[in-house]
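These protein sequence lines map, in sequence, to chains A and B.
Heads up: the first sequence begins at 0 in numbering that gives the first Met the number 0, then just goes up one per residue.
Heads up: the second sequence begins at 0 in numbering that gives the first Met the number 0, then just goes up one per residue.
It should be emphasised that the hints constitute simulated quantities derived from the structure, not laboratory data.
As the structure is a prediction and not an experimental result, all values here were calculated from the model.
Just so it is clear, CB atoms sit at the ideal spot from N, CA and C, and this is done for glycine as well.
A hint or two may mislead.
Said to hold, decoys possible - The calculated DSS-like cross-link candidates involving lysine-lysine, where the alpha carbons are at most 27 Å apart (straight line), are:
#1 B:Lys26 - B:Lys87
#2 A:Lys25 - B:Lys87
#3 A:Lys25 - B:Lys26
Unchecked claim - Estimated spans, in silico, between C-beta atoms of each pair:
#4 B:Gly89 - A:Ile5: 46 to 56 Å
#5 A:Ile74 - B:Leu2: 44 to 54 Å
#6 B:Tyr88 - A:Ile150: 17 to 27 Å
#7 B:Val1 - A:Ile74: 25 to 35 Å
#8 B:Tyr88 - A:Val66: 23 to 33 Å
#9 B:Asp94 - A:Ala50: 38 to 48 Å
#10 A:Asn28 - B:Val82: 16 to 26 Å
#11 B:Arg100 - A:Ala15: 13 to 23 Å
#12 B:Tyr88 - A:Met146: 16 to 26 Å
Said to hold, decoys possible - Reference listing, derived: stretches of chain B covered by chain A, where coverage requires no fewer than 3 residues with Cβ under 8 Å from a Cβ of chain A:
#13 70–83
#14 92–99
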Amino acid sequence: MESELIAALLAGGLFATVAAALLSSKVSNSLIALFYTSIILGVAFTAYGDALLGLVTMITFAGAISVLLLSVVLITGESKLDFGPRRLVVAAVPLAAVIGGVSLVALFSGQAGGLAVTDSSLGVLSFLWTLRPWDLLILVVVFAGAMVAIISLLGGED
Amino acid sequence: MVLDQTILLATGTGLLFVGIGSISVSKNLLKSIMSFQVTVFGANLALFASGMGFGSRLLSDTFVVLSVLVGASVEAVGLAIIVVVYRKYGTLNPDEIRRLRR
């Protein structure tokens, strides 16, 4: 029961910080809320036994991406955020609640049993494990592509 | 464990849809990037939760790490595009940028 309470607290914290990040009209408040969202997500991964994943999430999003966002805010000098029609943003919250509720009902009634990864589905996906060394190559290619794109975007305008 | 998995799966799905909804109504490119980050968070949490409760979680963990790094790369490129667009047009409002292009 204790772990369910932790899950509910983490879920509540995530929704609260995301709502603060997306509904705030000040950039600084949004950035701070997004930073806390990253931290809570990292804590959730760590609490459920995956410390490495939590660390990667915190370093990548709470560390690198937050600083990157802050740099862009300083470069552009934007201080106010226009988040579009407020009614539509507010309408997204009940929509998310409905979808979450439907998925809860589906899981509890057993209709969504096919969502779960079973041993047989792992057998079907076993080809992924034979290609594990390619994971690193894919990541290196993605990072290199991103760096080349950023350099060409920022360096080629003069 | 099943209830934990359900709560986290529902939270991940909810964050995913909130992020997508916010991207579609946002009137600021910076806000769109922040909404994209929320979408990535939701996807990561849903992927992680889908692998809970089984003997080996390595498959879902692999996908989450891949998703984190690809999401971070995409976000970095998006921020670079925002800087270029701001230098060229002086605004981050997509409607205003579209008007200035004409």
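For each hint, the structure was consulted:
no., hint, result
1, B:Lys26 - B:Lys87, "holds, 18 Å"
2, A:Lys25 - B:Lys87, "holds, 24 Å"
3, A:Lys25 - B:Lys26, "holds, 14 Å"
4, B:Gly89 - A:Ile5: 46 to 56 Å, "holds, 47 Å"
5, A:Ile74 - B:Leu2: 44 to 54 Å, "holds, 45 Å"
6, B:Tyr88 - A:Ile150: 17 to 27 Å, "holds, 21 Å"
7, B:Val1 - A:Ile74: 25 to 35 Å, "violated, 47 Å"
8, B:Tyr88 - A:Val66: 23 to 33 Å, "holds, 25 Å"
9, B:Asp94 - A:Ala50: 38 to 48 Å, "holds, 45 Å"
10, A:Asn28 - B:Val82: 16 to 26 Å, "holds, 22 Å"
11, B:Arg100 - A:Ala15: 13 to 23 Å, "violated, 39 Å"
12, B:Tyr88 - A:Met146: 16 to 26 Å, "holds, 25 Å"
13, 70–83, "holds (count 12)"
14, 92–99, "violated (count 1)"
The structure is inconsistent with the numbered hints 7, 11 and 14, although it conforms to all the rest.
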